[in-house]
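Chains as they are written, first to last, in the numbering used here: chain S, 1 to 346; chain X, 1 to 346; chain L, 1 to 346.
To be clear, the hints were calculated from the coordinates, so they are not data collected in a lab. Please note that the accuracy of each hint is not assured.
Copies of the same chain are indistinguishable here, so a pair counts whether it falls within one copy or spans any two.
Cross-link-like lysine-lysine pairs, in silico, DSBU-like; alpha carbons within 30 Å at most [to be verified]:
#, residue 1, residue 2
1, 94, 190
2, 274, 190
3, 44, 344
4, 310, 44
5, 190, 24
6, 44, 274
7, 94, 24
8, 223, 274
Bear in mind that the values here come from a model prediction, so they are computed numbers and not experimental data.
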Amino acid sequence: MATLGELAAWVGGRLTGNPDLEVKGVAPIDSAGEGEITFLSNPKYFKRLSGCRASAIILPPGVECPIPAIVSPNPYLAFAKILTALACPSPEPKGVMAGSIVSPSAVLGESVTIHPGCVVGDQVRIGDGVVLHPNVVLYEGVVIGDHSLLHAGVVVRERCRIGSHVIIQPSAVIGGDGFGFAPDGAGYFKIPQVGIVIVEDGVEIGAGTCIDRATLGVTRIGKGTKIDNLVQVAHNVVIGENTVIVSQVGIAGSTEIGNHCTLGGQVAVAGHLKIGDNVMLGARSGVSGNLEPNQILSGAPVMPHRQFLKAATTFSHLPEMRRELTQLQNRMRELEQQLEEREKLS
Amino acid sequence: MATLGELAAWVGGRLTGNPDLEVKGVAPIDSAGEGEITFLSNPKYFKRLSGCRASAIILPPGVECPIPAIVSPNPYLAFAKILTALACPSPEPKGVMAGSIVSPSAVLGESVTIHPGCVVGDQVRIGDGVVLHPNVVLYEGVVIGDHSLLHAGVVVRERCRIGSHVIIQPSAVIGGDGFGFAPDGAGYFKIPQVGIVIVEDGVEIGAGTCIDRATLGVTRIGKGTKIDNLVQVAHNVVIGENTVIVSQVGIAGSTEIGNHCTLGGQVAVAGHLKIGDNVMLGARSGVSGNLEPNQILSGAPVMPHRQFLKAATTFSHLPEMRRELTQLQNRMRELEQQLEEREKLS
Amino acid sequence: MATLGELAAWVGGRLTGNPDLEVKGVAPIDSAGEGEITFLSNPKYFKRLSGCRASAIILPPGVECPIPAIVSPNPYLAFAKILTALACPSPEPKGVMAGSIVSPSAVLGESVTIHPGCVVGDQVRIGDGVVLHPNVVLYEGVVIGDHSLLHAGVVVRERCRIGSHVIIQPSAVIGGDGFGFAPDGAGYFKIPQVGIVIVEDGVEIGAGTCIDRATLGVTRIGKGTKIDNLVQVAHNVVIGENTVIVSQVGIAGSTEIGNHCTLGGQVAVAGHLKIGDNVMLGARSGVSGNLEPNQILSGAPVMPHRQFLKAATTFSHLPEMRRELTQLQNRMRELEQQLEEREKLS
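Bound-form chain S, shown alone:
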């Protein structure tokens, strides 16, 4: 619960309406009612304003509005902040709960919560305010920075280092062995994977996502980068800062990805490549070469996104194109023969 005035101040927005109005929740525009705040950022949906029964709304500048409003140049961000303030209470820390197993050599910060079923290995260091949900496993020597949150079933293998304010969704695996084998004639000899994974501050990692440890050295996820569910990050990959990686992407070994990139769902990136900063890759792109910064690309191999859209829609015409090509060849042959015959006649 907060007043509208408090919320406007909190997001740095301009207030129109009663600052003492009490707001107790956030809801989508179609279902918001008494005591709730909603938001609109896409002009496409402005017409929904008329039927809105929310007590207040977050809006971009320049929209006429019959109800109390917080006007913000970035309504989506303001919405996210207000939702955080209203809907995400920080639970009291509960310490090391019964049913968890913490090595005596582990070092725990203040105000931690370690739920039942967690197993914290030797020499692990856990920062202040860290929450480990049930059944998290930290192998020996793992480091977790302050205020990080690991959901149920997350596994972090030996010596990997997780930064501060990191969030890891359930069942993600950090530091599994990289996929490296040396052919020895008949079969394959396992190459030990003795490097680690470093996940920097402010990163979020999705459910079921797997980030492999380096063969030697480090697999690194840069500050503020956000990774969705079921993503595969192979050994020795380096991902820059504030990069967004959507679900089911696969990144092969030793590839480097820049800052502020966006990889759409199911994208595949081959190994040993360099992808520059600010590269956007459309869903399911397949990258097999280095990429210069500041591009929007799609396809496999990648091409400018607009070109890809055209090529992709032309694809369905391929059989008809082939038929027309054959017809043209026949007509051409006929014409050529016709001309040749005339040549002879003349």
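Got chain S sorted already, so can you dock chains X and L onto it with the hints?
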């Protein structure tokens, strides 16, 4: 163990042969022997009947058969039912087993089994006959309907609701945070995901599959829908009833999928779309627009499945088509010049 | 720690330099220093030799080298072996640790380590030297061969059999139900999956990978086969020996894959197919028919890899090809008309 007569009655099939014959197991036609029943539904395999050493067989009508048979218009369904009867004993409920941690505020139905390593949070409600295999984690406020079965390592996050007769394979994650961030200039601000997931009655969810909770509101999996392994269902997605989603499919946020649809393996569906009822999408289709009901589609972007098959097989001819096109252009230029010269001459 | 002479003998390499030199670690050529050994196998990187500050190096024959070296025809394999010797100490077995739950009817080999949080079911048999990391779950009747290593959160369901010297990365699922349902009019009736999975000796299985149990019979992973992360192997699939399957591959039900195959990342293979020995499939290939042995293929449908590369790079020219085709058709029509008119005139 059952008699052939009992099995025929159980599946509503017509019996030919001794009803007192004892059947103790089910096996494929090539390996079935004494005391076992097998089945044939595909006419392609009818010739295997001659070598069959099973004691009985499930068959469609109109097939001549030397051994005792249960004749059913749907032999595959009859097989599934007989296999269930013969091979799937319901184990005795074991209650709350030692080594599991159940909150005192959780409410448990009758005849439940909660295996070691499970963690059941505050205010959780669990229906009658529910089985939680080892290391299942239910966050606070989760509801599980009667006779549902959660395999080892499944995580259901706070307040999500699972219906009755639901089966969830190992390590699936229900209710992980949706992937939502608001750009705040330098990086990204997390949008809290305060909605839930509702999984309706009779749904099956595969191993490692991730179904994200809604930002606000509900991510919903409709009654009887079957989802395979390693599928990604993003926040606020709504899937209808009796829809089948094969392995490694990815469905982006806020998309609605109808009833009785089938999505082949590795299909990708973009966000904020509507897919009508009875839509079949071939493996690896990429959907980027709304789809009317009652279609069989493939490709990316999707097109009628038969058209896709033709286009896909033409694809390998692209380099030769391009070469021929260039040759045609050259021949055309020559012809045109030839004609022009004649024009001048005449 | 070992001497250079010991290491050369261990990998069967020829030694140049002081055999008593002490080597304490392995590092990449750019960062290796005093007391460390590095390696070079790719001639492309030989120029890096000059700046190398390692104490020793593993090299192919015929390279001039200023520092002590182990010369081996397979430097990559020699590196893997030396890394194993220097960097992978075998920890002392710890027995059944507090916080794990082992059924009294389970049979354990010698020198096992069962970490906290593991749940070992009835009639399970575990071989000598097996390590189960925290929170591994083995359902009833599972068999694990000697010296196998199961990482945290791995689930092996009832009666599945894991060979010797198998490594399973965190959160992999062995023996989840295959995805089989019989339509019963309104919806789907679950076909019980009563078969098992057999994982043969020397196999490695990646994090989050799911290998489904057979409906009847066996899903089999052959000796020495290596499977990466987040791979889907459906029911009744049979994979041969020493085959390599890269991340995010999906293999549909009842398909057989030969020995010594390689499936690149995100490959999809349809069900009920046979793929011969020594088939290499490029990343994201889509296989919809049987494949003869000894081929290198890519694309969907698959074609020879070189042909695919050409077709894929031609794809971006599709819109321009279509435009040119239309232009050619117009020019052709004009020419034809021109000729026809002349015909009339003459």
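Structure-based check of all given hints:
1. 94 x 190: between (42 Å within a copy, 24 Å between copies)
2. 274 x 190: For residue 274 and residue 190, both the intra-copy (26 Å) and inter-copy (28 Å) Cα distances are at most 30 Å.
3. 44 x 344: neither (69 Å within a copy, 61 Å between copies)
4. 310 x 44: Answer is within; shortest intra-copy Cα gap is 26 Å, inter-copy 39 Å.
5. 190 x 24: For residue 190 and residue 24, only the inter-copy Cα distance (20 Å) is at most 30 Å; the intra-copy one is 57 Å.
6. 44 x 274: between (38 Å within a copy, 18 Å between copies)
7. 94 x 24: So residue 94 and residue 24 pass the 30 Å test inside one copy only (27 Å; across, 44 Å).
8. 223 x 274: For residue 223 and residue 274, only the intra-copy Cα distance (18 Å) is at most 30 Å; the inter-copy one is 36 Å.
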